[in-house]
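**Student:** Here the structure of chain A is known, so what remains is to put chain B in place on it, guided by the hints.
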Amino acid sequence: MLNKYTCLAKLAARRKNEIIITCMGTAKPWEKLSDTALDFASVDSAMGHAADLGLGIAIAQPHRRVIVLNGDGSMLMSLGTLVTIAQRPCQNYVMVIIENGTYEVTGNQVVPGSGIVEFETMARGAGIEQVYTVKDEAEFEERLPLIFQGKGPSIFIWKVERGEEPVPTFRESLADRVRRLRHALLSSC
Amino acid sequence: MKLTASKIHKALKEQGITHVVGLPDNLSRVFFQGLVEDPEIEVIMVCREGEAFAIAAGLYIGGKQAVVLIQNTGLLEAGDALRGTAWNMRIPQAILLCYRGFKSLDPEVERKDSVAVFTEPTMKAWGIPFEVMRDDSELAMINRAFERAQSSSKPAAVIMADTIV
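So the sequence lines, in the order shown, correspond to chains A and B. Residues in the first sequence are numbered consecutively from 1, following this note's numbering. Residues in the second sequence are numbered consecutively from 1, following this note's numbering.
Excised from the complex, chain A in its bound form:
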């Protein structure tokens, strides 16, 4: 099992100018590591739709790598998105499914299929070829560079310990966070 906070810190240490989309259990931990205009918390937004929001950005901005830090509960809410990602493949699209088996921010209720569901199998079955399940530190160190290189779409499944994150809240509204990211993307074109 991995530790989510350690994984995020290592990801942040390597990150350069990639767009990072977070949601629920990763939003506040990531904000402590990085809070640039290219960091976007999909919070107070649509449940389960960070992955497809990120896909839209990746399609619009093909020269920028988009990394979505999704949760397993969020992924389960829109599994069809895996098919959509496969049928509209973006080389610049990466999703990490952070699998802790629970809805962490609402009290760690067990997600449907916890311990049964294999996200790698589902992602491959959807037609995505670059899929990696990461269960321990050694695998993490080996796979981490792949998040930042190579042609996507790529899916990484991090098997992590349960956490205790509360429901994330942000001082800025979602609309303000959208404006910040959009301005950053369009002003650098």
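Quick caveat, the hints were computed from the structure, so don't treat them as lab data. For every residue, glycine included, the Cβ atom is placed at its ideal position computed from N, Cα and C. Fair warning: there could be bad hints in the mix.
As the list claims (entries may be wrong) - The calculated lysine-lysine pairs, modelled on BS3-like cross-linking and capped at a C-alpha distance of 27 Å, are:
| id | chain 1 | residue 1 | chain 2 | residue 2 |
| --- | --- | --- | --- | --- |
| 1 | B | Lys154 | B | Lys124 |
| 2 | B | Lys13 | A | Lys151 |
| 3 | A | Lys159 | A | Lys32 |
| 4 | B | Lys64 | A | Lys16 |
To be verified - Beyond 12 Å from chain A on every Cβ pair, some chain B residues (computed):
| id | residue |
| --- | --- |
| 5 | Val21 |
| 6 | Asp25 |
| 7 | Arg29 |
| 8 | Val30 |
| 9 | Asp113 |
| 10 | Ala116 |
| 11 | Lys124 |
| 12 | Val132 |
| 13 | Gln150 |
Stated by the list, open to error - If you want the ones that stay clear, here's a sample from chain A, every Cβ over 12 Å from chain B, calculated:
| id | residue |
| --- | --- |
| 14 | Tyr103 |
| 15 | Gly115 |
| 16 | Gln149 |
| 17 | Arg162 |
**Tutor:** Showing chain B alone in chain A's frame:
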């Protein structure tokens, strides 16, 4: 009295559309196919309508202009996605809806299609401005929907009340 695919297509292009995100249905079949064959527009097919709003929001954030094209049944399914993306993000999202069951709303028709019964009250409750387009003489509704969306930074819709031919 008809809705013509090529005319709606042209009206959309006049709005500077780069992408169409959605799902085809029997009403939009011909229109959708024409969009797919247009090399100047990318059509992104989704598995469920909620994805369409999220992808369209991402496209907007990235500097593109997308229209969401779905059936009214899918709109009901996509309520939280619409709320959490276009609405909460203040995105000027134009929506083209196909109006399944519209003809069943005629008082003379005994058996109503429940999705038609739900559609307009739901959109009013959600605060989405819309107009119902019955034939080509009302194509200006498309322009008005885009203008409304732009001026309010919120979604606005046209509901297409017949099969597009």
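**Student:** Now look at each hint and say whether the structure bears it out.
**Tutor:** Hint-by-hint comparison with the structure:
1. For the hint linking Lys154/B to Lys124/B, the alpha-carbon distance of about 14 Å falls within 27 Å, and the restraint holds.
2. The straight-line distance between the Cα atoms of Lys13/B and Lys151/A is roughly 32 Å, outside the 27 Å bound, and the hint therefore fails.
3. Between Lys159/A and Lys32/A the alpha-carbon distance is near 22 Å, which keeps this suggested pair within the 27 Å criterion.
4. Restraint check for Lys64/B and Lys16/A: satisfied, since their Cα atoms lie roughly 24 Å apart, inside the 27 Å limit.
5. Here Val21/B does not stay apart from chain A, with its beta-carbon only about 8 Å from theirs, under the 12 Å limit.
6. Distance check on Asp25/B: its Cβ is at least 17 Å (rounded) from any Cβ of chain A, clearing the 12 Å threshold; non-interface status holds.
7. Its beta-carbon lying about 19 Å from the closest one in chain A, Arg29/B satisfies the requirement of being farther than 12 Å from that chain.
8. Residue placement check: Val30/B keeps its beta carbon more than 12 Å from all beta carbons of chain A (closest about 22 Å).
9. Every C-beta of chain A lies more than 12 Å from that of Asp113/B, the closest at about 25 Å, which supports listing it as non-interface.
10. Taking the minimum C-beta to C-beta distance to chain A, about 25 Å, the non-interface status of Ala116/B holds against the 12 Å cut.
11. Against the 12 Å criterion, Lys124/B stays outside the reach of chain A, whose nearest CB is about 21 Å from its own CB.
12. Distance to chain A confirms Val132/B as a non-interface residue, since its nearest Cβ pair spans about 26 Å, more than 12 Å.
13. Under the 12 Å C-beta cut-off, the non-interface status given to Gln150/B relative to chain A holds; the minimum distance is some 15 Å.
14. The beta carbon of Tyr103/A sits about 16 Å from the closest Cβ of chain B, which is more than 12 Å, so the claim that it is off the interface holds.
15. Consistency note on Gly115/A: stated as away from chain B, and its beta-carbon is indeed over 12 Å from all of that chain's, at 25 Å minimum.
16. In this structure Gln149/A is separated from chain B by more than 12 Å, as the shortest Cβ-Cβ distance comes to about 22 Å.
17. The claim that Arg162/A is not at the interface with chain B holds, since no C-beta of that chain comes within 12 Å of its own (minimum 26 Å).
Hint violations for this structure: numbers 2, 5, all remaining hints satisfied.
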